[in-house]
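Participant: Take the sequences, apply the hints, and build the full model.
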Amino acid sequence: MTRVAIVGVGQTKFDEHWERSLRDLSTEAGAAALHDAKLGGEHVQALFVGNMSSGRFVGQEHMAALAADAAGLNPIPATRCEAACASGALAFASAYNAIKSGKYDIVVAAGAEKMTDLKGTDAIATLMGAGDQEWESAIGLTFTGLYALIARAHMQKYGTTREQMAMVSVNNHRNGVHNPYAQFRKEISIKDVLNSSMIADPLTLLDCSPITDGAAAVVLVSEKFAKNFPNPVWVLGVGQASDTLALHDRENITEMKATKAAAQAAYREAGLGPQDMNLAEVHDCFSINEIIAVEDLGFCRKGEGGKFVEQGSIAVGGKLPVNATGGLKSIGHPVGATGIRQIADIVRQLRGGLPEPIQVKGARRGIALNIGGSGATAVVTILGKE
Amino acid sequence: MPHTSSVPLFWRLKKSKYMMIGSKCQTCGSVFFPPRVICAKCRSRGKVADHQFTGRGVIESFTIIRAAPEGFENAAPYAVALIRLDEGTSISGQVVGSIEDVAAGKRVRPVFRRITQDGDDGLIHYGIKWEIDDGSAGTEA
Ligand SMILES: [Zn+2]
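Residue numbers (my numbering), protein chains in the order written: chain W, 1 to 386; chain E, 1001 to 1141.
If you're looking for bench data, these hints aren't it; they were derived computationally from the structure. Don't take every hint at face value.
With a straight-line Cα cutoff of 25 Å, these simulated SDA-like cross-link-like pairs (lysine to any residue) come out [what the hints assert, rightly or not]: (1) W/Lys191 x W/Tyr158; (2) E/Lys1041 x W/Ala261; (3) W/Lys38 x W/Asp105; (4) W/Lys157 x E/Ile1132; (5) W/Lys157 x E/Cys1042; (6) E/Lys1014 x E/Leu1123; (7) W/Lys103 x W/Lys224; (8) E/Lys1041 x W/Thr244; (9) E/Lys1106 x E/Val1031; (10) E/Lys1015 x W/Arg250; (11) W/Lys119 x E/Ile1124; (12) W/Lys257 x E/Asp1086; (13) W/Lys257 x E/Glu1087.
Facilitator: Rendered as structure tokens:
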């Protein structure tokens, strides 16, 4: 089977784009990725678009056709991929599999979400569509609520502290200051996190990623075509796994079985392990999730994620820089776009040339974890310079 | 707009939502609440039938929802717990009473309460919430 490389990345600024539509955002990201690859749209053979809920966010379904049309890519096949907040990485995995199968040589994987047209309570209800409508949404649970249940369980079982969770947000904001695409480019302190308004105890506003508009895209090519590009970044392994839709159906809510299974599959395909990674982009939709992610990806022992953060291991220059470009917390979380943005950021890290405070020096391999819902879908992607 | 206000949704789930009827695999003995029609362990070999749950359990984790979704704005702040049922499975549910009294390790029992209302004069949906089980007679559904 052919190897697959990424030869172009692009994104919009992640922000509240009141004046811009879903169509505008997805087109800008796709054009930026093709421009980065120095490829014309006529070379693209297929498009996969990650999008969670354009139907509820802006009343627009048929999102992949919209994106292909607006970008002038017709008549190539355009497919929408949906796995809640993991929709982006699912689109990437689908594009990767399509090239691996031998069917295509040049494919664009994109992700887009336009969230700020809805008022806050509607957006909360829409995001909760990723959970179990009959048994979670129906009793008034929210996504912050689900992760709050996870956070308290992790605190009870492993002694993880509020301060350790706050340090995740502090780390990610410190990095995001240097990312021109980030929604919130401002440092925050542990005190800021602890004193911000309580959303679902024990999680405060600054434990939570924001509501954001944005799009991102990457261009994937087969090995045969990769030779024509100066700086290809190789896809070494992709793993995808599923777990119960409802949080309450799990035996143990302090780990994510889907993450473990997806990571195992990706590590196996790459022939690598956690010790071979130089940086990670993980799904910090809520601070506790970054702590659980570093455990489940194998960077520290189970239950020691809080300490791993406290020791500074996740900082740029630390043992394993995590979310060096700002994470979902600082960059923003347009749900369908996030998985693609994570992959684009690892490509930028491996190419080098990011602003000095957030460039992981000598990085050769990186890993991305994109999670849907409260862990019902996980996609792990490993990228490398060779 | 939220599908949680759908009448057919509540109607078709009435056995489980109002009477705590889950299911049990007759082949391996696994119990499910909410009910499942396929046993995750036995798959096609499993023979799954209705099973009455006792409705007793213990709070394993909890949160206080302060930013509520559409349809629940007037109820906030309210407590939601992950409840480990005595049968071994767990379920999410709102805990009634003072939010100060909610704590992990406390036993709970079901009560029948209003869950949501569609606007000021819309349909009112009822269902099971949970109260701290202090051993008293309580306000059993
Ligand atoms: Zn069975």
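Participant: Run every hint past the structure and note whether it holds.
Facilitator: Here is what the structure says about each hint:
1. W/Lys191 x W/Tyr158: Given that 25 Å is the threshold and the Cα spacing comes to 22 Å, the pair holds.
2. E/Lys1041 x W/Ala261: Distance of about 18 Å is within 25 Å: holds.
3. W/Lys38 x W/Asp105: Within the cut-off at roughly 16 Å; holds.
4. W/Lys157 x E/Ile1132: Given pair W/Lys157, E/Ile1132 holds - Cα atoms ~22 Å apart, limit 25 Å.
5. W/Lys157 x E/Cys1042: 31 Å, violated
6. E/Lys1014 x E/Leu1123: Holds. E/Lys1014 to E/Leu1123 sits at ~16 Å (cutoff 25 Å).
7. W/Lys103 x W/Lys224: The given pair, whose Cα atoms are some 13 Å apart, holds under the 25 Å limit.
8. E/Lys1041 x W/Thr244: Roughly 14 Å between the alpha carbons, so the hint for E/Lys1041 and W/Thr244 holds.
9. E/Lys1106 x E/Val1031: Since the Cα atoms of E/Lys1106 and E/Val1031 sit roughly 23 Å apart, the hinted pair holds (cutoff 25 Å).
10. E/Lys1015 x W/Arg250: 23 Å, holds
11. W/Lys119 x E/Ile1124: 23 Å, holds
12. W/Lys257 x E/Asp1086: 24 Å, holds
13. W/Lys257 x E/Glu1087: The hint holds at about 23 Å.
Hint compliance for this structure: hint 5 is the single one not met.
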